[in-house]
Structures are given as C-alpha cells and as structure tokens.
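Asks: Sequence:
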Amino acid sequence: MHRVEEWPAERGRNFHEAPMLARLVSAGQLPSVAERLPENPLVIVPPHQMGPYGGTWKRFATTVPDINLYEDRYSYEGLIRWGPMGRKILPNLAVRWKIEDGGRTYTFWLRKGVRWSDGHPFTVDDIVFWHEDVLKNKQLTPVVPPEYRRGGETMELDKVDDHTVRFRFKRPHGLFMKRMASNSYDMVTYPKHYLKNFHPRYTPEAQLDTDARAEGFDGWHKRFIDLQEWRNTEIPRLWAWLCRRPPPGQPVLFERNAYYYKVDPQGNQLPYIDRISFEILERETINLKAMHGEMGMQSRHMLFKNYPLFMENQRKGDYRVLHWLDGTGGQNALAPNMNHKDPVLRKIIQDRRFRIALSLAINRDEINELFYSGLAHPRQVSPPPGSAFYSPEYERAYTEYNPKEANRLLDEMGLNKRDRQGTRLRPDGKPLTLTIEMPDIFGASKEGTQLIAEYWTAVGVKSSMKLLARPLAEVRYAAMMHDVGVFGGSDEMIPVMDPRWFLPYSPSSYQGVDYARWFQTEGKKGTEPPPEIRRCMDVYRQIMETPDEAEQVRLFSEIIELNRKNLWVIGIVGQIPAVMLVKNNFKNVPEVAIGWGWVIRTPGTTAPECYAIQGD
21 MHRVEEWPAE
31 RGRNFHEAPM
41 LARLVSAGQL
51 PSVAERLPEN
61 PLVIVPPHQM
71 GPYGGTWKRF
81 ATTVPDINLY
91 EDRYSYEGLI
101 RWGPMGRKIL
111 PNLAVRWKIE
121 DGGRTYTFWL
131 RKGVRWSDGH
141 PFTVDDIVFW
151 HEDVLKNKQL
161 TPVVPPEYRR
171 GGETMELDKV
181 DDHTVRFRFK
191 RPHGLFMKRM
201 ASNSYDMVTY
211 PKHYLKNFHP
221 RYTPEAQLDT
231 DARAEGFDGW
241 HKRFIDLQEW
251 RNTEIPRLWA
261 WLCRRPPPGQ
271 PVLFERNAYY
281 YKVDPQGNQL
291 PYIDRISFEI
301 LERETINLKA
311 MHGEMGMQSR
321 HMLFKNYPLF
331 MENQRKGDYR
341 VLHWLDGTGG
351 QNALAPNMNH
361 KDPVLRKIIQ
371 DRRFRIALSL
381 AINRDEINEL
391 FYSGLAHPRQ
401 VSPPPGSAFY
411 SPEYERAYTE
421 YNPKEANRLL
431 DEMGLNKRDR
441 QGTRLRPDGK
451 PLTLTIEMPD
461 IFGASKEGTQ
471 LIAEYWTAVG
481 VKSSMKLLAR
491 PLAEVRYAAM
501 MHDVGVFGGS
511 DEMIPVMDPR
521 WFLPYSPSSY
531 QGVDYARWFQ
541 TEGKKGTEPP
551 PEIRRCMDVY
561 RQIMETPDEA
571 EQVRLFSEII
581 ELNRKNLWVI
591 GIVGQIPAVM
601 LVKNNFKNVP
611 EVAIGWGWVI
621 RTPGTTAPEC
631 YAIQGD
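Here the sequence shown is numbered in the numbering used here, starting from 21 and rising by one per residue.
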C-alpha cells in the first residue's frame with residue numbers, strides 16, 4: 021500500500037513534471053513546476069514503483085450520473101483522508117490538526133502554497149466562503165448536514181490566519197474527525213475568486229437571476245449549484261484530473277491538473293496518468309469488454325455471476341483479478357419490522373426468539389455455494405475482520421443451520437398450531453405469513469432471498485419474496501408497511517459513522533423506523549423503544565460526544581453485544597471479495613484494500629494519483 025510523507029525542506033525545489041506539461045512550460049504557457057507546487061508538497065510513496073508518466077485510464081459507466089462517483093471516490097481531496105484500510109486518518113490539504121475543549125474545537129493547519137487548477141492560491145478564505153455563503157445560505161443548503169451541527173446549532177468557523185482554520189461546536193462532536201476524513205472534500209470545492217461572481221452577496225441578485233433564467237435555470241441558486249458539477253470545465257478545482265470533455269461527448273474525459281499539490285519521493289509531480297476516460301455502455305457490454313482487457317482498472321459493474329469467466333479469461337485479456345476486502349458487514353440485511361402496523365405480527369416480530377428462529381432456519385452454506393461460488397462467509401451484519409470494532413462472537417451468532425432449534429423456539433412462543441398446509445397459526449388464528457420486500461438492485465441476492473423464503477416456509481412461517489422498484493420499496497419501508505425489508509450492508513468497517521443496522525438511528529433503519537423517529541426527535545415523535553434499544557441509543561449518544569477512538573470502540577462493544585443477544589437485524593453472508601480487474605500494465609494498485617464502502621471512499625483511499633500505466 022502507499023504511504024504519505026512530507027517533502028523534506030533540505031531537498032529544495034528540485035521537482036519534475038509530466039512531459040505534456042513540460043511542453044507547455046517550454047512554450048511559455050505554464051509556470052515552472054517549482055512555481056506551481058506548494059511550499060511543502062504532500063509526498064505519496066507508491067506501493068510498487070515510481071512512474072512512468074502518461075497514458076489513459078480507461079473506465080466504463082452505465083449512465084452519466086454514474087460518473088458522479090468521480091467527485092468523491094477518484095478525486096478524493098479533503099482536508100484529511102482515510103488510509104487504505106480505513107483505520108488511520110492521514111494528512112491531505114491539511115498538514116496537521118488539534119482537538120481541544122473535549123471535542124468542541126478542531127483546528128486545522130493548511131498546506132501553504134496550494135493552488136487551484138487556474139493557479140489562484142487556495143487559502144482559508146475559500147473555506148470561509150463555503151461556510152458563510154454556501155452552508156449558511158438557506159437556498160443553497162436548505163438542511164445543514166449533521167456532520168456540521170451539534171446541540172441544534174450549525175458549527176462556527178474562525179479564520180485564524182490564511183492557512184489556519186478553526187471549527188467550533190456547541191456540544192462535543194466526537195465523530196467530527198471521521199466525518200471530515202469522509203466528507204471534507206465538499207468544503208474545499210468552492211473557489212471564492214470564481215464563485216463570488218455568481219453569488220448575491222458579491223453580485224446584485226436581480227442580475228444573477230436574470231442571467232440564470234437566460235441559461236434555463238430557475239433562479240441564481242440553481243445555476244450556482246450547477247456550476248459545482250464535475251461537468252463544468254471552467255470552475256477551478258483541487259483534483260488530480262479535471263473534466264475536459266463533458267457529456268454528451270464520448271468518452272467523457274478528465275485530464276491532469278497542472279497545479280496538483282502532490283509529488284512522489286523523487287519529486288515527480290503527480291498524477292502519473294495523463295487522462296481518465298469514461299465510456300458509457302450497458303452493464304453486460306461492460307463485462308464483455310472487461311473480459312477482453314479493454315479497461316485499465318475497475319470493480320464497479322463487474323457482475324459477480326461472471327466471476328468464473330473473469331478468472332478464466334485473465335491470460336487472454338491480459339489482466340489480473342484482485343480480491344479486495346468487503347468494507348460492509350454483509351451482502352444483505354434482513355430487517356423484520358418491529359413497528360409493524362399489524363399489532364399481532366408486530367408482537368411476534370418483537371419477540372427475540374422469533375428473530376433468532378428465522379436466522380437459524382437459513383442454510384447460509386447452501387446460499388454461499390449456489391450464488392457466491394463459495395467465496396462468501398456466513399455472518400451477521402457486523403463489523404468485518406480488520407475493523408477496530410470487529411466482534412467474532414456477533415459475526416457468528418445464530419448463523420448455523422439448525423431448523424430443529426428454529427422449530428423449538430417457534431413452538432416455545434406458542435406458535436405450535438398449524439393449518440393443513442403446515443403453516444403456523446398466529447394467536448388470532450390467522451396463518452403466520454411474511455413477505456420479504458426487496459429493492460430490485462441487488463443482483464445475485466434476489467435468488468438467495470427467494471431461497472430464504474423457502475427456508476422459513478419449511479419451519480412453518482409461510483414466506484414469499486416480492487421484488488419492488490427501489491423508490492417504491494423505500495416508500496413502503498418509511499411507511500412501515502413491510503413485514504421484512506432487505507437492503508445492503510452499510511459501512512460496518514467504521515460502524516459509528518452509520519449505525520443503521522445496530523440501532524434504529526435513521527429512516528434507513530428499516531427494522532424500527534418509528535423507533536428511529538423517536539431517537540431523532542428526542543422523544544417528540546415516533547414510538548418509544550424497549551429498554552435494550554434505548555440503551556443502544558444512550559450509548560451511541562455518548563459515542564457522538566467523545567473524540568477518543570479507544571473509548572468509541574469500548575462503548576460500541578456494548579451496542580454490539582446487545583445486538584448479538586437480540587438479533588434485531590438478520591445477516592446472511594458477507595465478506596464477499598470486491599472483484600477488481602486490473603490490466604497487467606496498470607501499476608501501483610494495492611493487492612489488498614477495502615473494496616467497497618461509502619465512508620472509506622474507495623478507491624480514493626488507495627491514492628489513484630499514484631497509479632501508473634507501463635506502456636500502452
């Protein structure tokens with residue numbers, strides 16, 4: 021894996037650049053590389069080799085919106101970054117930081133001399149502009165993201181000097197560093213010198229509205245937001261590559277930033293690769309082209325059902341298959357609805373014996389062999405190995421296939437009467453039936469979920485699967501109309517960031533949407549949960565107030581133990597490797613990294629700026 025270092029001052033300003041930029045310098049169209057780089061460039065030590073320069077990283081997408089991931093995964097440029105395994109926080113645009121006042125105050129020292137892609141200096145003024153004129157502007161930010169709020173108030177920002185910024189919160193914000201490692205790329209995408217020309221604090225609003233409507237926008241704020249899109253080729257960026265051929269041009273093309281602020285240990289300005297291209301195709305076509313070696317490096321849209329073909333065609337396609345780690349807790353989470361509208365079914369689902377019985381009735385080994393080539397692992401939705409929060413006890417809890425014990429638990433609950441078809445009867449005499457409602461986005465999981473319905477039917481809980489369009493599924497989940505919801509594992513590598521499957525925390529906690537409403541409104545709305553769920557909520561509130569990593573892990577272990585005991589959410593299999601196809605001449609891709617996870621921003625955490633192409 022790559023490492024990060026600071027440029028030694030004793031090395032002076034002896035830097036090198038890509039040939040395509042050297043030609044511009046020779047022609048007098050660009051300042052020298054030493055003038056373009058900051059006082060202390062961030063040094064990326066590649067995992068395998070330094071260079072060479074050149075080449076185009078060929079990628080595929082299914083739609084134009086699919087390329088939106090470029091902004092936070094390939095151009096992952098915030099004040100700080102996650103390391104490739106999601107354990108360490110690394111410097112980036114910020115050289116160092118300090119946490120004070122018990123987690124109420126965070127100070128960051130910026131890298132001096134960093135420049136936007138047009139050569140204009142990047143300073144704290146740009147972050148102040150984001151805070152005062154974007155974050156606090158109701159038209160641009162109707163709802164302030166939770167990472168920038170504590171105690172019901174938006175954070176305050178102090179400009180200490182041109183390169184020192186301080187964030188202050190009303191209450192301790194224990195997760196702020198983690199939030200910044202994931203999301204601080206947003207606050208550094210607002211070049212004041214460019215965007216102030218489109219903001220009413222600096223330009224008359226009436227004129228801005230007139231200009232915006234002439235361009236087809238419904239007001240100045242709509243145009244301002246559109247200017248931020250990656251498709252805008254004029255806005256200055258801090259990214260390694262800038263959009264140079266936006267859609268509808270094909271392929272969509274990004275080209276190196278001459279002012280990018282990172283170098284390798286020899287002083288070669290990064291990135292090594294000249295361009296990234298995105299060709300828009302159907303998913304099956306993407307898979308065929310990948311098998312023929314027509315991509316540089318890609319995991320997205322590589323269908324797991326094609327895994328045997330990917331392995332078989334490695335030599336012919338001149339590529340290798342890497343198996344990156346799964347950063348989620350499981351392929352799917354089954355969420356029995358503890359807030360069901362039907363009071364009889366609600367009481368049944370709220371009984372932990374019922375949830376445990378459903379888990380024991382699932383033959384996970386069979387699902388693994390049938391649908392995941394035996395590469396997955398039976399597990400609950402829990403932090404994966406490698407996570408600081410990993411619990412082998414919870415991972416394995418109730419994952420054995422034991423229909424005999426499942427039947428015993430169901431009988432013990434009083435569900436021992438059956439109709440002529442063998443379906444258990446509820447206390448009100450009706451057949452006990454469950455519908456597993458699943459969004460139509462999960463590929464191989466569809467067949468596996470159908471099999472789960474058959475397992476449950478075999479122990480007397482007559483079950484079926486219903487495939488729904490994702491928007492409809494989410495509407496039904498929010499309205500608590502589902503029996504059992506299904507969704508993918510979240511970011512269990514760092515579960516404190518999104519603990520949706522560990523406690524009813526957000527509208528995405530489909531196991532207890534009304535409990536989550538109670539949590540979010542501090543009891544003003546929703547349904548008060550039972551004591552053990554309330555305990556999880558109380559512990560999580562403590563986590564949100566402590567910036568100490570060890571204390572966060574200690575506290576969250578209690579939440580994990582309560583989940584192990586109660587099994588509010590049922591996992592199936594997980595740790596399915598992210599299948600990464602890499603052309604053999606594509607260098608500096610780590611053999612192992614976290615292959616998926618919104619929080620960790622893969623592959624940005626592996627420093628794509630140091631990827632290289634050895635020949636064409």
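Don't read these hints as lab results, they were simulated from the structure. One or more of the hints may lead you astray.
What the hints assert, rightly or not - Distance condition first, Cα-Cα at most 30 Å in a straight line; then the derived DSSO-like pairs of lysine-lysine:
id : residue 1 : residue 2
1  : LYS179    : LYS156
2  : LYS118    : LYS132
3  : LYS158    : LYS450
4  : LYS450    : LYS361
5  : LYS212    : LYS156
6  : LYS361    : LYS212
7  : LYS325    : LYS361
8  : LYS367    : LYS424
Asks: Check each numbered hint against the structure and report the violated ones by number, ascending.
Replies: Numbers 3, 6, 7, in rising order.
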